[in-house]
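Line order of the protein sequences matches chains A and B.
Just so we're on the same page, the numbering used here is the position in the first sequence counted from 1, plus 908.
Just so we're on the same page, the numbering used here is the position in the second sequence counted from 1, plus 908.
Hints listed in this document are in silico derivations from the structure and should not be mistaken for laboratory results.
Mixed in with the good hints, there may be bad ones.
[To be verified] Keeping only pairs whose Cα atoms sit at most 27 Å apart, straight-line, the calculated BS3-like set for lysine-lysine is:
id, chain 1, residue 1, chain 2, residue 2
1, A, K1059, A, K1024
2, A, K1059, B, K1082
3, A, K978, B, K985
4, B, K1059, A, K978
5, A, K1082, B, K985
6, A, K1082, B, K1082
7, B, K1024, A, K978
Listed below, chain by chain, are the residues.
Number of protein chains: 2
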Amino acid sequence: MDKQQLIDNIRRKQTFLCVGLDTDIRKIPQHLLAEEDPVFAFNRAVIDATAPYCIAYKPNLAFYECLGVKGWQALEKTVRYIRDRYPDQFIIADAKRGDIGNTSAMYARSFFEDLKVDAVTVAPYMGEDSVTPFLTHDGTWAILLALTSNKGSRDFQLEEDAQGERLFEKVLRKSQAWADNGRMMYVVGATQGRMFEDIRRIAPRHFLLVPGVGAQGGSLEEVCRYGMTPECGLIVNSSRAIIYAGQGRDFAEAARQAAQEVQQQMAAQLKAIFQP
Amino acid sequence: MDKQQLIDNIRRKQTFLCVGLDTDIRKIPQHLLAEEDPVFAFNRAVIDATAPYCIAYKPNLAFYECLGVKGWQALEKTVRYIRDRYPDQFIIADAKRGDIGNTSAMYARSFFEDLKVDAVTVAPYMGEDSVTPFLTHDGTWAILLALTSNKGSRDFQLEEDAQGERLFEKVLRKSQAWADNGRMMYVVGATQGRMFEDIRRIAPRHFLLVPGVGAQGGSLEEVCRYGMTPECGLIVNSSRAIIYAGQGRDFAEAARQAAQEVQQQMAAQLKAIFQP
Chain A
909 MDKQQLIDNI RRKQTFLCVG LDTDIRKIPQ HLLAEEDPVF AFNRAVIDAT
959 APYCIAYKPN LAFYECLGVK GWQALEKTVR YIRDRYPDQF IIADAKRGDI
1009 GNTSAMYARS FFEDLKVDAV TVAPYMGEDS VTPFLTHDGT WAILLALTSN
1059 KGSRDFQLEE DAQGERLFEK VLRKSQAWAD NGRMMYVVGA TQGRMFEDIR
1109 RIAPRHFLLV PGVGAQGGSL EEVCRYGMTP ECGLIVNSSR AIIYAGQGRD
1159 FAEAARQAAQ EVQQQMAAQL KAIFQP
Chain B
909 MDKQQLIDNI RRKQTFLCVG LDTDIRKIPQ HLLAEEDPVF AFNRAVIDAT
959 APYCIAYKPN LAFYECLGVK GWQALEKTVR YIRDRYPDQF IIADAKRGDI
1009 GNTSAMYARS FFEDLKVDAV TVAPYMGEDS VTPFLTHDGT WAILLALTSN
1059 KGSRDFQLEE DAQGERLFEK VLRKSQAWAD NGRMMYVVGA TQGRMFEDIR
1109 RIAPRHFLLV PGVGAQGGSL EEVCRYGMTP ECGLIVNSSR AIIYAGQGRD
1159 FAEAARQAAQ EVQQQMAAQL KAIFQP
């Protein structure tokens, strides 16, 4: 999916919500455990309920890998289901990969050619040749970790060099030489508040994938105030607060309500940039 | 496996070679493609041939993930085969994972409890809470990326802060507060030459996992000169130069010869620290 299609979807659906499919088999409703593939059954129900209110889905690979072969099957089925049923959804493999060039190229093939997702999250620590293999497939994206939502983001990402440039700023600056804003996005945690101003000084037009709204405590309003661009420029992810909104047989309806609530808040924010 | 067992294996077998199972289905001998599981068939033959000459195996997850469900099955069979047949081998999942705490915990469970490897490679960018979940399983290890073997290692890892501390040095220093050298190792590329001296100033007793000898051009002698400790402290990986030493039906014999050659070079290096 290219940048203009993404912007069009956001404008049309009045939402920039990404639903994080962090599906933990120990947390899904009991009655689903009788299904042949409980994780996929859960995902399918959540997707059908939330699709009108979001423009993206983000399965976190950890939650599938931990189930081995079965998890990988559930992931493949989930991606194929979204692709076939909701072709306007942007699919992000939250994998945080990054390795030497020939290995990153294997990952890129795996995610873009076999699994057929639109984007993969990538860790920047190993530098240019670990990232560029994710930038060579048409219509797909690398989403580079810049400033993450967790406490540990302070350990290295905020460290300043002799010129006062912080590591996440260096990542933003250097990586812009590797691809333009039609191929690369950045992960910036919703918990980072006013740091979005600093991000926008360096990357004024890039889309940002923003985790951390909901269970992690980030504020949607603050993210929009400091991070929104005239093209929106934000994909805000919520995982647990939506997919586990309900615990019983009505879990999908609860997820629908939670997603719709966020969509309405987002529609209000979008008034600032898009005419209705 | 604990540190003393690892050192005992190195001393007994006179080798600190790790064979990297970067098994690319497009590069394995043609005749194996008729097998039900060509990747596993290749790995099993390579393992049987090389086990006397190495103390560790390191499957790189990218090469298995790119085959989807089949790749994951081949990986599980490979790890189980090593575990059952060669219980003294140290098994490293080269995964370069690292995510927010609850997600890293999922990865750690996946690798240590389900796949049952001894160690996982972890990327440090997201800081302490992304790494510590890999440090809580008894007898298992996190191997943190410090100074990698690729060209891109210069992009961020060598950047200095205002006090002149480089990022990889900061990773080495800060991470030592998270676990001792019986739980954590570091990745340092063989291509880094005399930088091993700088590494040893900060981490004098940690084991280092050293990729980059062979196809990537690193020198074993240099690595030993600047990186070896009285306990050896090195696990040197070679992937392509061993597993693709031969291309035909005699591939396993070629791998055996290549591994044995490296083992003999290593035995010569070990004379400096272990009495025969």
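Verification of the supplied hints:
no.: 1; hint: A:K1059 x A:K1024; in the structure: 32 Å, violated
no.: 2; hint: A:K1059 x B:K1082; in the structure: 14 Å, holds
no.: 3; hint: A:K978 x B:K985; in the structure: 15 Å, holds
no.: 4; hint: B:K1059 x A:K978; in the structure: 37 Å, violated
no.: 5; hint: A:K1082 x B:K985; in the structure: 41 Å, violated
no.: 6; hint: A:K1082 x B:K1082; in the structure: 25 Å, holds
no.: 7; hint: B:K1024 x A:K978; in the structure: 17 Å, holds
This entry does not satisfy hints 1, 4 and 5, going by the numbered hints stated previously.
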